[in-house]
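Working from the sequences, and respecting the hints, build out all of it.
Number of protein chains: 2
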Amino acid sequence: MRRVRVGIVGFGTVGRASAEIISKHADLIERRSGVKLEVTAVCRRSGVRPEHTPAGARVVSNWKELVQAEDVDVVVETAGGTDQPLQLVRAALEKGKPVVTANKNLLAEHGDELFSLAASRNLPIGFEASVAGGIPILRVIHESTAGDRLRAVHGILNGTANYILTQMESRAIEFDQALQEAQAAGYAEADPSLDIDGFDARDKLCILARMAFGGRLKVSDIPTYGIRQVRAIDIHSAHRLDSTIRLVGSAEQTEAGLEVSVRPWLVGCRSMLAKVEGVNNAVFLLGDKIGMQMFYGRGAGGDATGAAVVSDLIEIARDLAAGQLSAKKVSGFLDSHDVGICPKPRPVSWYLRLTVRDQRGIVARVAEVIAHRDINIDSLEQEPHLPKERLSFVITVEPVSEPIIQRAVGAINAFEFMLEPVLLLRVE
Amino acid sequence: MRRVRVGIVGFGTVGRASAEIISKHADLIERRSGVKLEVTAVCRRSGVRPEHTPAGARVVSNWKELVQAEDVDVVVETAGGTDQPLQLVRAALEKGKPVVTANKNLLAEHGDELFSLAASRNLPIGFEASVAGGIPILRVIHESTAGDRLRAVHGILNGTANYILTQMESRAIEFDQALQEAQAAGYAEADPSLDIDGFDARDKLCILARMAFGGRLKVSDIPTYGIRQVRAIDIHSAHRLDSTIRLVGSAEQTEAGLEVSVRPWLVGCRSMLAKVEGVNNAVFLLGDKIGMQMFYGRGAGGDATGAAVVSDLIEIARDLAAGQLSAKKVSGFLDSHDVGICPKPRPVSWYLRLTVRDQRGIVARVAEVIAHRDINIDSLEQEPHLPKERLSFVITVEPVSEPIIQRAVGAINAFEFMLEPVLLLRVE
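Sequence order for the protein chains is V and U. When you read off a place in the first sequence, starting at 1, and then add 64, the result is the number in my numbering. When you read off a place in the second sequence, starting at 1, and then add 64, the result is the number in my numbering.
Some clues are possibly wrong.
In this list, chains with the same sequence are indistinguishable; a pair is considered to hold if it fits within one copy or across any two.
Straight line, CA to CA, 27 Å or less: simulated DSS-like cross-link-like pairs of lysine-lysine [to be verified]:
hint, residue 1, residue 2
1, Lys393, Lys88
2, Lys161, Lys88
3, Lys128, Lys159
4, Lys393, Lys408
5, Lys159, Lys393
6, Lys408, Lys128
Bear in mind the hints are in silico, worked out from the structure with no lab data behind them. Since the model is a prediction, treat every value here as computed from it, not as a measurement.
As structure tokens, then:
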């Protein structure tokens, strides 16, 4: 039996939860893995309160000191942000220490450099916690689908956005109220942009897509739309269409390249996506042989994310103890070719909601713009009982490629009667 | 790069699908794992048709010859049954060769002996394919929840039974018709007992429970009820209760011991269990830190099960190539203590369906039997429009421990007006 000593940088919710699991489940971990994990050092920019300091651990004021410390075998990075974590992970690997990180943003932006450095030092980077919290989706892609050809990966990757949408759905409240409540409940940050504008989901999707399909993919190449524009009236219209709304990250490998985006979808009420409620996440994999698989669970929160951090630590500790530490060949992050984004995505159906100041001829002019681009309207409904100075129309259209619908949306947005831009949802 | 040569014994659906994946995805596997997998020998009792023989492989008439062959590094067992596979796996391990098996029955019955033998030789047994087909649930429990304390594992573990139930549900057909169609579609065997009487689900649950909670567990200690007694009228009654019926294997660790069973459940229509349709499987894990997770996908079929076999082969091949082959410490199968079955399960709600020849006083006598055991009736309905010589009553009762409801059921079954035994469903 061997001791493996852990240093944690960024001792917030996830860092503390990881330390607590290591301490609380010490006997379990030792019995299962034959290794004794111990937190020996913690570091947090804003300081660590004495009651949060793990028993037997010391508080280090500087992350550089922690990385260099003789009594730290593995470095856990749960700090967030990218600049300092980038330096930190580099320094740890250069010091010959394996790393575990929960930082999706770091890996989406700098994964190529870091995995390449790790490979050159033959050291692993554990990053299960970076995507979908406690759901072990990265390990599943890396190990369990190693023999299959994956065709698609999509899912609900941001718990905060999903919480807001399902609150709007179940309680018929407006977006602003749902967001404020999510902030009050600690699910959303004071600046909620990362969650509600889709950037957090985009970073996770980038990691998933690279692992599933192999090759380089820049986050800036992933079209990303959030849920800021979704209103109670959209949830209401969705219900009329026996559907609801979810923020979905989707990557699909086609003959013509990768179709990838983060955007709100209109999903049927009987769909598995619709069953994902609250802060939960779900990831769907489609493979030639495995067919469709779904992985569901808590996508965030200290406990679930901490459990993922600890699962990585246990794997590394087992290998350390057996003298078999090695870089994992992380599919997708060591490839020098691009995944290749599809220039012309396949046709899908769309939902458009227009908010207008009523005047004569609106429907005719909108229908003309749509018909002009050979788009077929599937349904059109003007919401009743709304004030004339602020009317909503909902239009669903038959399958058409995104560039075409976007051109139509652009033309509609230019009309003088439009009070805000069209809300565009992909129909599942 | 190294070649790893595979011999397959039992060249039926799963064996052939495994060989096909190895050949069809050879480049993918090589790129991801750095190892070239090759099927060099196959063996099937009833012979192998030339068009099924993998390119470059020879057909061996005797499994003993295959196990001993110089050109076989890893032995895959996809034969089914227990006697011959037991000898086969023993012989392979004794010859120093790692094994991959899809045989749940073998491991549920002889897992202790085989994992102990594997440990003594420091050889792995891959068995992902033995539970829930393509869903990588065993790897998830072994690796991803290694740092958590699991409290419960339950799920839909038999695709055939689920297919029959969901056909009865969606098309309002009788059990016999759904079974015959499942047999015609190749989902059910000529002798369907293993699937519809719950024994296949029981073997899988036994493996899951041992891995999740640790300790010995005999399959014969798992109370097992199938779906043979479920009738169209039960699906109809379930719908009235906004529910449906699923065959569920459930193991829950409580202070008083393990509560474990395979039985049909009445599940709410909004429940995730109800969303599992057709031949799909789903496994739910509940852990202190991860919360509730669900893993969903194809539970059977050559492709999905073959993909699981190949994922095990790739893991073993990677380790072989790296000179790091070792027995995995398979939690639960190397423990000498029993899991400890709970003698008095906690109270749950139940659904009872009685089929009777109508006569005066039936409801009074049944209600008296139930009241006598301090069980509270939650709802009671006599199905209308049925012939008097064959009436159905459906009763749901408030939470009560299983031994108590079973005694009531025993007393009701003894009544002279009962045409068949009570159908008892656990209410989710």
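- [ ] List, from low to high, the hint numbers that the structure doesn't satisfy.
- [x] Failing hints, ascending: 4 and 6.
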